[in-house]
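Participant: Chain order of the listed sequences is A and H.
First residue of the first sequence? That's -2 in our numbering, and the numbers climb one at a time after it.
First residue of the second sequence? That's -2 in our numbering, and the numbers climb one at a time after it.
Worth flagging that the hints you see were computed from the coordinates, not collected in a lab.
All values reported here derive from a predicted model rather than from experimental measurement.
Any given hint could be a false lead.
For chains that are exact copies, the list does not tell them apart, and a pair is met inside one copy or across any two.
[What the hints assert, rightly or not] For lysine-lysine, the following DSSO-like pairs were computed, each having C-alpha atoms within a straight-line distance of at most 30 Å:
no.: 1; residue 1: Lys370; residue 2: Lys291
no.: 2; residue 1: Lys206; residue 2: Lys288
no.: 3; residue 1: Lys274; residue 2: Lys206
no.: 4; residue 1: Lys169; residue 2: Lys383
no.: 5; residue 1: Lys354; residue 2: Lys242
no.: 6; residue 1: Lys169; residue 2: Lys106
no.: 7; residue 1: Lys106; residue 2: Lys450
Number of protein chains: 2
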Amino acid sequence: MRDAIYRHIDANQEAHLAKLRQYASQPSVSQENLGVEQCAQMLVRDFQALGCREAEIAPTPLLPSVWAYYDAGAPKTLALYGYFDTNVVGSGWDHPPFDAVVAPRAPHKRVLYGRGANNKQGLIAFLNALSSIKAAAGQLPVNLMFVCEGEEFTGSPHVPLLIDRYRHHLSKAHGMITPGPCQNAGGDVTLALGNKGCLHIELEASGEKWGRGPTGGPVHSSTMVVVDHPVWRLVHALATLYDAKENRILVDGFYDGLAKPTAEDMALLDGLAARYKGREASAIPALGPGKVDKFLNDLTGRDVFERYCFQPTMNINGLRAGYTGPGTTLWTLPQAAYCTIDHRLPPDLDPEVCCQKIRAHLDRHGFRDIGIKVMMSVGAQKLSIKDDLAQAALRVFKNWDIDPVVWPRRGASGPTGSFSQMLGLKVLGATGMSYASSHSAGNEFLVIEGDGKVGGLAELEKSYVDLLYSYASYPNPF
Amino acid sequence: MRDAIYRHIDANQEAHLAKLRQYASQPSVSQENLGVEQCAQMLVRDFQALGCREAEIAPTPLLPSVWAYYDAGAPKTLALYGYFDTNVVGSGWDHPPFDAVVAPRAPHKRVLYGRGANNKQGLIAFLNALSSIKAAAGQLPVNLMFVCEGEEFTGSPHVPLLIDRYRHHLSKAHGMITPGPCQNAGGDVTLALGNKGCLHIELEASGEKWGRGPTGGPVHSSTMVVVDHPVWRLVHALATLYDAKENRILVDGFYDGLAKPTAEDMALLDGLAARYKGREASAIPALGPGKVDKFLNDLTGRDVFERYCFQPTMNINGLRAGYTGPGTTLWTLPQAAYCTIDHRLPPDLDPEVCCQKIRAHLDRHGFRDIGIKVMMSVGAQKLSIKDDLAQAALRVFKNWDIDPVVWPRRGASGPTGSFSQMLGLKVLGATGMSYASSHSAGNEFLVIEGDGKVGGLAELEKSYVDLLYSYASYPNPF
């Protein structure tokens, strides 16, 4: 049966590529509200064509998402999270980002260029794979519940709302997958057993809230000598939060309950240290575009990986007050200052509890007036290498003769954390056998025909097929 | 003779207004390089028409300034600083900013609307006054050296260069005036005996300079757990510079040499305290657009004025790192963070010495890598109430039956500080009897015919005439 499905995939490659190109031509830029609605409608039609029992636009207060439910009458049910919105176009394109250009790109025979080539096309290729399974095998090996979001690039503000809306279905799912290509340029496969959670906050010091300093607008900078200063206030409040020499969060109790790596984690960390000895920086996913020559505290080897996976962050990603343009023409005493901070939190640190501790810390240090606005709060997700989903993926890799790089977790976070937090779902990251790049940069592409090291569209679809059958038949794989 | 000049001014009001309107129609927006060259050429022609021995464009590396020298064969010589560039247009205009609209504006009979109505028109009205003196009296009572700048709104970067270029002339001047309207909406006249100096710097913490953290671009925020962080570094460096509770600059030796108020200053401060008892905030010039309900340390009365005039500032006017737009879509560990700080320095604190002390302070605290870029460094200017220029102005006020508010100094700074610093020139602020408003906002205007409380164009020109004669004839006024 697997051979029949593979043959169907091979025989229909040009039709499958045409489907990808159809989506590549449809913009879905959520930050600009460009085409997201149309793209959602295309998806609904394709879920209907696949034979989904339910397929509908799931409206949210902002941009639409898509819900679909395929009932295969199978004993196992997988939820699927995908997002079909894209980043803004930006610069650096040699091929127009919505022209669906397919062209050679050394060393690959063919790639598909376009904004969304990573995430949107990874999802469409999955739908192609499903249609081949249905055509060749008659039925899918698992039931599938699709939650396809149109707001990932605006911070996934309504995923919890979607979960609540479809909770009666989703609570029956046995696990969650997130289809997409997972190879790097050299063909290596990385599997991360979960993500960190995220608490993203904005701190505000202002004359308005403080009851001191300027209100209603900035005042002339010369008056600073007699007027209280919200920016200096924020600077001093920030300085109490984080020790930049010891690289330690200073909020009382912030680290309470933080778990140490388990024996399973330790074995994985040892594996990473051995694999990346002397080139640890190259191992950290998604480091770029910047370059890092040495790690903090001059960490090397396993210590880098342990800290990366098991310690929380308190990262200032934005700081703004007064004039923030080039040069300075407006000299004022600003009426407010803002700092946005994202915290990446291992599973044992609850984002909401961490936020309460930051509030209590600021209060104790005399900064009751400094406001905290929660921009995002999402839980971590945690998968054991012994879990069915991980084992299903590892057996596919083994079958494909691939030795994956397995991380105890990613340092980043994702909206799938909400599914773990609200439904207790285990989530498997991307495991598809292809390579996509420049997720948010110019010339974003997905490999359609690879160079031997990385797969193309056919391999991507086949690996999806294998994952579903591997999971469906566990503990007895095909 | 004074009556003859006054009569000439009255008889030529429409011609004088036409001259103002000609300049009002000529944009001179330095930040946008819009019309500055043309406006400079107009000025040169008008200086030539006045009979200046020298009148020329004074080229600078960026925008042109104008130099003119009128040799009246008089024993006394005054330098004049003016600026003919304007701020950008911005919003809030009911009358097009370059249409030279003259219209009633309650309670005033007529005002001239236009960008530059404050500074540019103050200068042109002065030229009108000079032409009336020449027509009615045959000759000016003093020699005049005009330094008219076209880059004030870009920070006066080339004033020192202009001073060097015309030093052979300027070193012979006995003092400097800065023509312009000086009344507020109620007709009150404020005279400030000098300005503070200014040191404007930009601090930069970056992976590049530090040799730690990201270089060549930001990295993903999740990597912060193992990567050094330039923004936290800047926060901690800043926290060492200023105590926001005690409102005190913490740089070692920063206050060294700071003079206490003299007996003359004390008398002026007492005068201010008595005049503004219970409404100190309304007294501070140029506080707005923001509002200040209480001063730092809960200062009241004379303490406000003493601190305002005699203490230095360290004002953060801009803070930027990472994403500084609304919301947050780019979560990174920024490769650099910047803070712009302006210091307003009483005459005893040299801007360059202060900058060296900040450098030494950062070095001592382990922040050798934090860069300091000097954006502006200009000295203070200091005038005694006993100086000829101050006395000349006070006699005009007395003659006009005005009781001026006299400040020991302004808390702000200005490019005229360079003339004091480089030539030792005493500088008199604006003393013209009219009222202009909205210097950098919409609907900027100059009163042409006042309401009885404030003067119009004729009074402005007459007060210029009186100042020149008052100064020329001191100690025996007209």
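Participant: Now look at each hint and say whether the structure bears it out.
Facilitator: Taking the hints in turn, this is what the structure says about them:
1. Lys370 - Lys291: Result: close only across copies, 27 Å inter versus 33 Å intra.
2. Lys206 - Lys288: between (39 Å within a copy, 14 Å between copies)
3. Lys274 - Lys206: between (51 Å within a copy, 27 Å between copies)
4. Lys169 - Lys383: within (21 Å within a copy, 90 Å between copies)
5. Lys354 - Lys242: Close inside one copy (22 Å) and across copies (23 Å); limit 30 Å.
6. Lys169 - Lys106: For Lys169 and Lys106, neither the intra-copy (42 Å) nor the inter-copy (79 Å) Cα distance is at most 30 Å.
7. Lys106 - Lys450: within (12 Å within a copy, 83 Å between copies)
Violation of the numbered hints given earlier is confined to hint 6; every other hint is satisfied by the structure.
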